[in-house]
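S.K.: Model the full structure from these sequences, guided by the hints.
Protein chains: 2
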Amino acid sequence: MLRHLLSANDSKIILLVMDGLGGIRTPGFPETALDAARTPNLDALAAGGLCGRSLPVARGITPGSGPAHFALFGYDPLAPENDAGRGVVEVTGTGYDLLPGDIAIRGNFATIDGDGILADRRAGRIPHKEGERICARLGKKIKEIDGVKIIVMPVREYRFGVVLRGEGLSPDVEETDPQVTGKKPLSPVAMNAGAERTASIIARFIEMAGAILADEEKANTILMRGISSRPAIEPFSDRYGLSAAAVAAYPLYRGVARLCGMALVDTGFAVKEEFDTASEIFRRGEHDFIFIHIKKTDSYGEDGDLEGKKGVIEEVDAHLPILLGLEPDVLIVTGDHSTPCAMKSHSWHPVPFVLKSEFCGIDGAAAFSEAECDRGALGIFPAVDIMTLALANSGRLKKHGA
Amino acid sequence: MLRHLLSANDSKIILLVMDGLGGIRTPGFPETALDAARTPNLDALAAGGLCGRSLPVARGITPGSGPAHFALFGYDPLAPENDAGRGVVEVTGTGYDLLPGDIAIRGNFATIDGDGILADRRAGRIPHKEGERICARLGKKIKEIDGVKIIVMPVREYRFGVVLRGEGLSPDVEETDPQVTGKKPLSPVAMNAGAERTASIIARFIEMAGAILADEEKANTILMRGISSRPAIEPFSDRYGLSAAAVAAYPLYRGVARLCGMALVDTGFAVKEEFDTASEIFRRGEHDFIFIHIKKTDSYGEDGDLEGKKGVIEEVDAHLPILLGLEPDVLIVTGDHSTPCAMKSHSWHPVPFVLKSEFCGIDGAAAFSEAECDRGALGIFPAVDIMTLALANSGRLKKHGA
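Keeping their order, the protein sequence lines are chains A and B. The numbering of the first sequence is the numbering used here, which starts it at 90 and goes up by one. The numbering of the second sequence is the numbering used here, which starts it at 90 and goes up by one.
Any given hint could be a false lead.
You can't tell identical chains apart in this list, so a pair holds if it fits in one copy or across any two.
Unchecked claim - Cut-off 25 Å, straight-line C-alpha distance, at most; resulting in silico cross-link-like pairs (DSS-like, lysine-lysine): (1) Lys232 to Lys101; (2) Lys307 to Lys230; (3) Lys273 to Lys361; (4) Lys307 to Lys232; (5) Lys230 to Lys488; (6) Lys218 to Lys487; (7) Lys433 to Lys385; (8) Lys488 to Lys307; (9) Lys273 to Lys238; (10) Lys361 to Lys229; (11) Lys361 to Lys230; (12) Lys487 to Lys433; (13) Lys488 to Lys385; (14) Lys488 to Lys101; (15) Lys385 to Lys218; (16) Lys232 to Lys218.
It is worth saying that the hints were derived from the structure and are not from the lab.
M.R.: As structure tokens, this is what we get:
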């Protein structure tokens, strides 16, 4: 719908996402983390900007991180064509670009005992360096099975990715992770006749990996999960006419951003490091759109740690002048979903949102909090509309009709 | 969309519907009935819960009671498959379960003079006992016409139901009620060739009934309305994984609830009787979801009787502790549509709504009224989303996507 309205210009858009930002007030938690945090910069942004509450998927639906980010980027989170398997997301997140027809798998290194019984599904959470070393061992010995090219890559710690590249492969193969210890890993079972060859290649890969890793103390087997193929997702450049970059440290978010055609930028995990990275690429001027992802708000929310979540929000606020100083034409601050400390989990509650631009309009929200965003002029609105608002506020959309 | 997210647990949901609850303020009616009513319990619920205004069908659309209740139960009120004819609803509301292929008709007993001219479309509103007696007379003499089984059942007072059960029947037959007195009843005309046999069976039934009732003083003929067949409506148990029961005294609401697969519970008409009935079945623990329907708010609204409507709301508030004492995991209080005293009719205005659960979140609404619900965090939202919110707040929905 947008394509014929696009009008290129030199404007710059920054989308800052604090993962799991939203919270709820309950008798046990009379303040949300946003309420509790001292956030003079975010409050000023809200007071001078356009506020509301974004609805990631639909009322009452709790999104996972993948669908929540697809929605932020303007892709219908319920459409099957925007449904990316975990294997695809994690492999893509390493910066590896899948080709049509490739099969991507998310692997866990794991520990089995002498009888083949699963003792640890994460191989004692071996450090990243160990994961890299073991991936290299596999990659050196396994390069091809039955004419299909095999690529093994480290992701983080005990997690790795596998790509199968060849003709006639299918993602319709069951995972081998039994989800509990004390059982043998499952076999990679084909869900239909067309997937039988792929299943047998994966079975052979597991067998070969087991033989190679037999002398490892912890990572002596592998589990295969999220077996998937790359969905056809229209890239940002075609969809919005934007050259986009992602400043995100965690694989899943890097993966979704890359699937939408964003350039991946290397960055540290700390808020200031991410903002400095964003600042650097902003000043280079190669990109029209910069997505910045802050993970720890969600992690503390999942722990029910209000002080921790509040601390991350205050850290973001303290360093916000780095982004404000860039004077982007549009600055959006929001979350991908809510992770209330009261619930210690993702939730369905709409997410605080603020957009600042020359023509955003000033509304009734006086600060950046759930309650003030409820007073914002946007009301409760679908997160898939955020990109349209970003384009409009950057002057990149023409009038619809005469 | 919801099915794959459902996750069973032992939570209990109560949906309390005050028919026609919503009102509007006008110069002539500076307060709505909810404004005028003293409602400490509902106010406390709103202050500690999640509020908003539900939109039964769409902005500006005034719903009938049937579509308004389908929306409350999460069924698209505009979808043809959720369109139940009045015959089907009233027959089902008596507790009679229609089979696929059955034709259900809503009948009125009526009075004609010696020339066959309609003198009273409701046979002087004969009492329910009289209706039962006359139905029994018909049922005894008419059991089958042209191989089609005929079932006659009393509904309320001058209203009764007829079911035609047999092969090849069609609901495409015109009503026989001319809607005014001083005319002869209409003939049951087939709308297409496939309905000609059904039309002739109905004509024969009217003829036979006229002969049998010729000696009745008031109910000496019948009018046939709402000729319809049972729509394929997915039951609550399949759709939501909920075992549901309906505490409703009036046939239409019982009918819609039954069509959605709810168990019908016998109850008195008074608010306290209905709450006591709900309490009893709640404590029995057989049902996860209890729908309670209060009719009189709508009746007083239709009369433009603000004092009357206010009185019913205060009665609900006074007895609300019966429901609060059950400690349901989710308690929702709302209406099916608005019936402003200022308009003396159903209207399109959104309906006050409150939901209370452990994780509903506290919002800016401080009391239960139209104006305070406008300050709630839900905003104006589609009534079809109420069931999703109920399931989310009862912990019955898994996360969408990883």
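S.K.: Hint by hint, which ones does the structure fall short of?
M.R.: 1, 3, 5, 6, 8, 9, 10, 11
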